[in-house]
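The listed protein sequences derive, respectively, from chains W and X.
Here this note's numbering is used: the first residue of the first sequence is 89, the next is one more, and so on.
Here this note's numbering is used: the first residue of the second sequence is 2, the next is one more, and so on.
Calculated directly from the structure, the hints in this document are not laboratory data.
Treat each hint with caution, since some may be false.
To be verified - Taking lysine-lysine and the DSS-like style, the derived pairs with C-alpha atoms no more than 25 Å apart in a straight line are:
1. X:Lys323 to X:Lys349
2. X:Lys245 to X:Lys213
3. X:Lys219 to X:Lys245
4. X:Lys323 to X:Lys211
5. X:Lys323 to W:Lys165
6. W:Lys227 to X:Lys349
7. X:Lys245 to W:Lys227
8. X:Lys213 to X:Lys349
9. X:Lys349 to X:Lys302
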Amino acid sequence: MRGPRLAGLLIVVAVGTTAAGCSSDDDSPHSAASPGAAATPSASASTAPSATPSTTPTASGPTTTPTPTTAPLAWRKIDESAEDTVVTTGRWTLRVPQSGRSFSLDGPGRGEGGQAASRFHFVDALLDDDWAVVVAQDKQETLPQRATVVDLNAKTFKTWTIDGSSDVPTATGGSWALYGDRLVHATLDGRRYCQARVDITSRSSTVGWCAPPRNGWNSPVIGADGEAMLTFDAHHPSCRTVVTVDGATITPFPDVARCKGAQGALLGDGRVWSVVPNEHRYEAVEVYATTADGIADLGPGVNGTLTVCGDAVLWAADPETDNGPARLMRWDGSTLSTAYESGRGAAFLGPPECAGSALTVASFSDSGDEQVTAPVG
Amino acid sequence: MSRNRTIVVPLVALAALLAAAPFLPRGIHDEGAISPSAQPAYAPRTATAAGPTTVTAAMRREIDAVVAAGRVRLPRPVTAAARARAVRSVVRCAELEGQRYCLGVGWTTESPRAVRTGMIRALERPRTTAGTGDADARTVLSRLMAGTPAARAARDRAELTSAARSVAKVWLLRHELQGVPLPTGFLDRHPEARVAVAAGTRPKATTYPKHKWILNPKHTAAQTRTYWCGPTAAQMIVWGWRDKHRSQKHWAERLGTTTAGTAISAMVRVVNNNTGWDNQWHAGKYIVLDIKGWSYNQWWKLIKKHISAYTAPVVLHPILLKKYYPYLDDDASGHFQVGRGYKTLDKKPDLIGYFEPWNQQRFDPSEPYIARSQWRVATRSYRANEAHFQHNIGV
Chain W
89 MRGPRLAGLL IVVAVGTTAA GCSSDDDSPH SAASPGAAAT PSASASTAPS
139 ATPSTTPTAS GPTTTPTPTT APLAWRKIDE SAEDTVVTTG RWTLRVPQSG
189 RSFSLDGPGR GEGGQAASRF HFVDALLDDD WAVVVAQDKQ ETLPQRATVV
239 DLNAKTFKTW TIDGSSDVPT ATGGSWALYG DRLVHATLDG RRYCQARVDI
289 TSRSSTVGWC APPRNGWNSP VIGADGEAML TFDAHHPSCR TVVTVDGATI
339 TPFPDVARCK GAQGALLGDG RVWSVVPNEH RYEAVEVYAT TADGIADLGP
389 GVNGTLTVCG DAVLWAADPE TDNGPARLMR WDGSTLSTAY ESGRGAAFLG
439 PPECAGSALT VASFSDSGDE QVTAPVG
Chain X
2 MSRNRTIVVP LVALAALLAA APFLPRGIHD EGAISPSAQP AYAPRTATAA
52 GPTTVTAAMR REIDAVVAAG RVRLPRPVTA AARARAVRSV VRCAELEGQR
102 YCLGVGWTTE SPRAVRTGMI RALERPRTTA GTGDADARTV LSRLMAGTPA
152 ARAARDRAEL TSAARSVAKV WLLRHELQGV PLPTGFLDRH PEARVAVAAG
202 TRPKATTYPK HKWILNPKHT AAQTRTYWCG PTAAQMIVWG WRDKHRSQKH
252 WAERLGTTTA GTAISAMVRV VNNNTGWDNQ WHAGKYIVLD IKGWSYNQWW
302 KLIKKHISAY TAPVVLHPIL LKKYYPYLDD DASGHFQVGR GYKTLDKKPD
352 LIGYFEPWNQ QRFDPSEPYI ARSQWRVATR SYRANEAHFQ HNIGV
């Protein structure tokens with residue numbers, strides 16, 4: 089989450105006291121920006137967002153608002169505390185207890201595990217059909233992260249490590265993503281904050297896209313159809329741009345309101361993205377997708393929860409009413425559906441975790457907490 | 002004016018004043034209502050907090066006993082068993098007129114054994130996640146153990162005496178928010194907790210507006226050191242009272258903040274000593290209140306009461322886990338935020354407004370800058386507060 093060693097890379101303009109940069113009216117929770125013309129996004133946008141930018145897509149085609157159907161996946165309750173991190177493919181289950189001090193990996197006829205090194209704790213648990221990756225980070229975020237990669241097809245428990253001594257070293261923090269044998273993480277190239285791309289099978293790494301000085305990236309979302317992520321600059325708030333990643337090249341998503349991006353994903357020939365309509369409600373996003381005819385407004389979601397899994401994009405949505413269920417929404421390129429509903433009362437979902445051919449989500453409500461998993465397409 | 006008239010008018014005025022005297026508000030404890038004194042009728046205060054409670058002889062005896070029990074030599078604990086013994090030595094609880102206060106923990110309804118067990122568990126399972134400045138269990142323990150037996154005794158006595166002065170406030174909060182009946186004769190014994198009402202009438206049920214927020218969103222700051230969420234939250238709270246701010250370094254010194262962070266008890270002390278948010282027209286003396294076992298609705302009513310009736314900020318005390326703050330890059334430690342607003346409209350999920358000291362971008366190029374003033378679905382903040390190993394709040 090933080091890294092004093094990296095702090096110099098990203099010196100924010102205001103030191104000490106920093107006004108929120110808003111009036112009392114702008115500060116209100118429902119001061120959503122009014123629709124208006126939005127500028128074309130830029131990969132390295134460096135100008136501050138306007139005071140009331142539009143979050144409406146800029147596509148020339150019509151915007152539709154599909155009504156969600158109810159199509160729950162074949163959910164199975166996992167016998168785990170909703171406090172622990174659990175991801176499962178169905179065959180393999182990777183667990184990290186809330187303390188973050190250890191992990192366990194259970195699969196057909198095998199049970200393995202490991203302890204974090206002194207002062208380290210596990211912060212990410214990634215699982216695919218063939219690989220598991222657990223990422224450890226030190227408390228002060230002054231040391232490079234250490235990732236343990238496990239080959240699930242090996243007959244014995246075989247691991248190898250990606251860390252600060254790797255050809256493309258890890259950074260002290262940052263996002264990780266796994267899909268198939270493709271792994272991405274953060275690295276430093278001189279003073280630039282870059283993306284490292286790892287081919288797990290060949291154990292080879294390359295430096296991908298590097299952010300301009302004082303810029304950064306996060307939220308990589310990888311699927312069968314490609315990779316997307318969020319880039320941002322050092323303005324207050326940051327100007328955020330959703331981009332497609334192809335090696336060391338990024339291309340901004342067209343149609344996304346300038347500087348308002350949150351997350352993105354590629355699905356078939358289309359794109360799905362979320363934007364933050366109100367900078368004072370950073371957790372609340374609006375989700376959009378391209379369709380054959382234009383753009384679909386897929387409704388509200390929770391920032392940080394968009395993921396691609398199987399042949400669909402999924403994200404968490406807060407209850408529509410004060411006593412309603414939290415929902416996991418699913419978009420398969422043409423149909424919007426509710427894939428999961430929590431219990432009622434004080435309900436919300438954790439970020440859904442995709443692991444190869446299965447999806448896991450933690451659910452919290454007055455009716456009881458649970459973690460559930462379901463196979464995906 | 003004739004001389005006779007000069008004498009008569011003041012006499013008439015004096016007579017009128019004496020006749021009306023029984024009906025006039027009697028200082029700060031009667032909240033300004035007029036009621037016949039011949040037949041006093043009282044209701045618990047709801048519009049404002051209770052004033053300071055007088056420390057009774059019984060309270061002093063209890064404080065003496067709890068302080069005396071701590072006058073032992075405490076070797077530095079290096080094993081888990083030694084830490085557990087240390088917790089049993091320093092986390093001691095006082096029963097103050099039916100309410101329980103535990104040193105270093107605050108007001109709680111848990112048994113002393115359960116309080117200690119919770120602390121020992123937190124020590125056994127240390128979270129080594131990145132910290133933003135909230136003291137973890139080991140730091141809390143080490144600060145409770147610091148000093149000679151005499152120095153600890155003086156510190157414990159000051160903490161317990163300060164707590165005793167808040168007994169009426171605690172009772173009123175439990176009565177209004179948790180439905181706990183007040184003890185028989187409580188309002189007779191505690192003028193600081195009551196409001197006079199007309200005989201035979203019942204006070205109206207407390208209602209709050211659907212939305213309200215306080216503090217100027219321009220009076221916000223981002224913490225300038227990774228472990229200064231406490232000083233920055235304190236800076237913003239005091240700024241909201243004085244309309245001018247002092248440096249985070251100043252507040253770090255006042256709070257006793259180290260690289261290991263800030264304790265919530267220090268946050269409450271600094272708010273009480275440096276602002277008027279603790280006066281009787283606002284929240285009264287701030288206390289550390291354990292919310293374990295509170296339902297969401299009780300917690301939410303506390304937030305609404307604090308913002309609407311007290312018009313005073315809340316010291317929020319969540320743990321920053323991704324499941325509660327999904328936009329974060331990874332899990333982090335306990336944290337302090339400034340609660341300053343709420344919104345309940347159109348049967349939508351409740352929203353809580355707060356000032357966020359943590360500028361994630363300042364310390365990490367993997368996260369964008371977000372505005373300091375934020376609103377979010379309140380249930381996540383409730384769960385994040387409940388999941389903290391201390392599960393308490395400064396109110």
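Evaluation of the provided hints:
About 23 Å separates the Cα atoms of X:Lys323 and X:Lys349, which keeps this hinted pair within 25 Å; it holds. Between X:Lys245 and X:Lys213, the direct Cα distance comes to roughly 23 Å. Compliance with the 25 Å bound is thereby established for this hinted pair. For the proposed pair X:Lys219 and X:Lys245, the alpha carbon gap of about 11 Å is at most 25 Å, so the pair holds. Of the supplied pair hints, the one linking X:Lys323 and X:Lys211 is violated, its CA atoms being roughly 29 Å apart against a limit of 25 Å.
Proposed proximity of X:Lys323 and W:Lys165 is supported: the alpha carbons are some 21 Å apart, at most 25 Å. A distance of roughly 38 Å separates the Cα atoms of W:Lys227 and X:Lys349; the hinted pair therefore is violated under the 25 Å criterion. A hinted pair counts as satisfied when its Cα atoms are at most 25 Å apart, and X:Lys245 with W:Lys227 does not qualify at roughly 34 Å. A distance of roughly 16 Å separates the Cα atoms of X:Lys213 and X:Lys349; the hinted pair therefore holds under the 25 Å criterion.
Proposed proximity of X:Lys349 and X:Lys302 is supported: the alpha carbons are some 16 Å apart, at most 25 Å.
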